[in-house]
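Just so you know, the protein sequences line up as chains H and U, in that order. Each residue of the first sequence is one higher than the one before, starting from 1 at the first, in our numbering. Each residue of the second sequence is one higher than the one before, starting from 475 at the first, in our numbering.
Treat the hints as calculated values from the structure; they're not laboratory data. A hint or two may mislead.
As a list, the in silico PhoX-like pairs of lysine-lysine whose alpha-carbon atoms are at most 25 Å apart [stated by the list, open to error]:
{"#": "1", "chain 1": "U", "residue 1": "K497", "chain 2": "H", "residue 2": "K420"}
{"#": "2", "chain 1": "H", "residue 1": "K41", "chain 2": "U", "residue 2": "K497"}
{"#": "3", "chain 1": "H", "residue 1": "K440", "chain 2": "U", "residue 2": "K650"}
{"#": "4", "chain 1": "H", "residue 1": "K462", "chain 2": "U", "residue 2": "K497"}
{"#": "5", "chain 1": "H", "residue 1": "K450", "chain 2": "U", "residue 2": "K497"}
{"#": "6", "chain 1": "U", "residue 1": "K650", "chain 2": "H", "residue 2": "K16"}
{"#": "7", "chain 1": "U", "residue 1": "K650", "chain 2": "H", "residue 2": "K399"}
{"#": "8", "chain 1": "H", "residue 1": "K450", "chain 2": "H", "residue 2": "K399"}
{"#": "9", "chain 1": "H", "residue 1": "K401", "chain 2": "U", "residue 2": "K650"}
If the Cβ cut is set under 8 Å, some of the chain H residues that face chain U in the computed set are [what the hints assert, rightly or not]:
{"#": "10", "residue": "R136"}
{"#": "11", "residue": "T331"}
{"#": "12", "residue": "P461"}
We treat Cβ as the ideally placed atom computed from N, Cα and C, and that holds for glycine.
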Amino acid sequence: MARNPVTWLGSPTFPKAAHAALADTQLRQNLRKATTTIRGKRAGVVAELDDWERLRHAGESIKDDVLANLDTYLLRLEESVTARGGVVHWARDAEEANRIVLDLARAEGADEVVKVKSMATAETGLNEALEAGGVRPVETDLAELIVQLGHDRPSHILVPAIHRNRAEIRDVFRREMADAPASDEPRDLAEAARRHLRRKFLSAKVAISGANFAVADTGSIVVVESEGNGRMCLTLPDTLITVMGIEKLVPTWADLEVFLQLLPRSSTAERMNPYTSVWSGVTPGDGPQKFHLVLLDNGRTATLADTVGRQALRCIRCSACLNVCPVYERTGGQAYGSVYPGPIGAILAPQLVNDPDDEQAASLPYASSLCGACYEVCPVRINIPEVLTHLRSEVVQAKGKRTPEALAMAAAAWMFGDPKRYEAAQRAGSLTRFLARDGKISHLPWPGSKWTSSRDLPAVPKESFRAWWRRNRG
Amino acid sequence: MSGPRVALFATCITDTMYPETAKAVVRLLERLGCSVDFPLEQTCCGQMHYNTGYYDHARPLARGYADTFAGYDHVVVPSGSCAGMVREIHPDLVGTSPPVERTYELSEFLVDVLGVTDVGAYFPHRVTYHPTCHSLRMLGVGDRPLTLLRAVRGLDLVELPQADQCCGFGGTFALKNAETSTAMLADKMHCVRDTGAQVLTAGDNSCLMHIGGGLSRLRAGVRSVHLAEILASTQEDT
Ligand code: SF4
Chain H
1 MARNPVTWLG SPTFPKAAHA ALADTQLRQN LRKATTTIRG KRAGVVAELD DWERLRHAGE
61 SIKDDVLANL DTYLLRLEES VTARGGVVHW ARDAEEANRI VLDLARAEGA DEVVKVKSMA
121 TAETGLNEAL EAGGVRPVET DLAELIVQLG HDRPSHILVP AIHRNRAEIR DVFRREMADA
181 PASDEPRDLA EAARRHLRRK FLSAKVAISG ANFAVADTGS IVVVESEGNG RMCLTLPDTL
241 ITVMGIEKLV PTWADLEVFL QLLPRSSTAE RMNPYTSVWS GVTPGDGPQK FHLVLLDNGR
301 TATLADTVGR QALRCIRCSA CLNVCPVYER TGGQAYGSVY PGPIGAILAP QLVNDPDDEQ
361 AASLPYASSL CGACYEVCPV RINIPEVLTH LRSEVVQAKG KRTPEALAMA AAAWMFGDPK
421 RYEAAQRAGS LTRFLARDGK ISHLPWPGSK WTSSRDLPAV PKESFRAWWR RNRG
Chain U
475 MSGPRVALFA TCITDTMYPE TAKAVVRLLE RLGCSVDFPL EQTCCGQMHY NTGYYDHARP
535 LARGYADTFA GYDHVVVPSG SCAGMVREIH PDLVGTSPPV ERTYELSEFL VDVLGVTDVG
595 AYFPHRVTYH PTCHSLRMLG VGDRPLTLLR AVRGLDLVEL PQADQCCGFG GTFALKNAET
655 STAMLADKMH CVRDTGAQVL TAGDNSCLMH IGGGLSRLRA GVRSVHLAEI LASTQEDT
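Chain H with its partners taken away, still in its complex shape (with noise of 0.2 Å):
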């Protein structure tokens, strides 16, 4: 089977890309203003509505409906688009999405394609996928364009090119268009894009999208999106293609009404997006004429397998968890080495990947302190801390009982199994005490030294409670 792109090939793992993006001062100045402006917007809209947690449960529950009857789910919905004039392909991985997305363009005799931003194909690489088949993506949500005109990848969900300021934006297009302003105010630079785009606007066969919901009653494909570029995407061109995950479905046109005021306002704390369009097949005369929907597998049903990990295909790519992530807010997205950085990233990445032996994927269940900030926040409420530390287990169980940490937890268990054994343990810790000057230890050999390169350590006391108690107590 070919490697799912969801990762980035060659990406360190998550420590050793952490350390590179730890130095970078200016990254981190542009994430920290950036999550918490955001941070107190969206806080600000969600208090206003008194029924929010309501809502987050029904966004639960509406979920876990579809994810228990997908099937009859998927059926439904190919049914009802295929019955308004569109045509429905399956596709099991990256891969044959991918094939069937540039053969669909190529059948248009299109050399160039409009994009309107999407996950989906972010994780299977489509972009490169096309342009090896001779086809050249067009970015056209702005933050996207960026990425892509820097050769750059994304960083955030809702708004890939989150690590750029404005001059380092400037910097990108001066590079990559012909009549670039020279200037770095956000309106010259949206100007610029705007220009840039509409040519591709007007002269696109092919528009391709991914669905931010899909409603299987009435075949009926939703997306969600700022800047109006989406909806230029979704009407202009002849043909579109839209390639969406399986879980985006929800059973019926009301169950909108729930998720259209939790992403909003979890996403871009607004209470309500600027454009949502809704498209239902084909309408003869209006918009595009012709219209596929390709449905990507690419890891979801052996997700969907795992009783613990399977609520992560609950996620509506808000991107609220990675915005309150004290993780993501230091390292920025590029160091999860996945299209899906931050706390989902953490959780759904290496379940997409499920290879054992990825070292890079292994690394990302323990870019997390469990805070549970992401829990907090999250509008379908996904446990995320629950299944960081579900799939740290399944890391452990691949991993083996030999390995040093492995020997080390035994040891741990084995101590505190027995209050003697543990009793015993303390009277020699506290041993340490020569370690220690003026109560502290402020250097130990590795791996204690990750501990006491930044921080004291008090020395263990004489004298533990335990003791104590039996002394005066016992």
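With chain H held as given, fit chain U with the ligand onto it using these hints.
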């Protein structure tokens, strides 16, 4: 004594590294009329093993907890993180049990079970409070610790900026991702120093060991003191 029969679960880190915190809990609870016992069979709640993914090692420790604390009216834990492990995770690992359901983090026990917010403490220092992640988000202790601190005589409570941000400890995270952990710690210390407090307090010695260890390295002149020790202090101590 006629008050409730309370078992203290000291937690392995406090028992071993911070005996003064456990002694303070005993003093405080006895002062409030409880009869306190410390069953010597107790060891560790299994959090380190669970969080690092060693579920098989965590399970016997969770069972041991249920056995050790059966037969007490309440179990009091001077740690939001270990109380959270017991109440939220033990049921998933080994099923629930009466001692698990009767386990309280210290501030919860004082406010919810004993119904006191003024524990009669005296602590004449400028103090800032860090709400640790598990007490805040796993247990939801809310502002109980702050309510208790506000009632302490002589205490000048200063608000910690960005209080709800993680300090970067996270158990083995501090070692496995030491550099990211340190970056988080640096920001937390910055906020603590901005307050001008003499004392940093929290309901968890593990987080205090982390932030306190960083402050000590910087010779920042801010002491870290567990909430229990502040609440146990009286006029006579000074
Ligand atoms: S996991 Fe939850 S918070 Fe994170 S992106 Fe998905 S839906 Fe949003």
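Q: Run the structure past the numbered hints and jot down the numbers of the failing ones, going up.
A: 2, 5, 10
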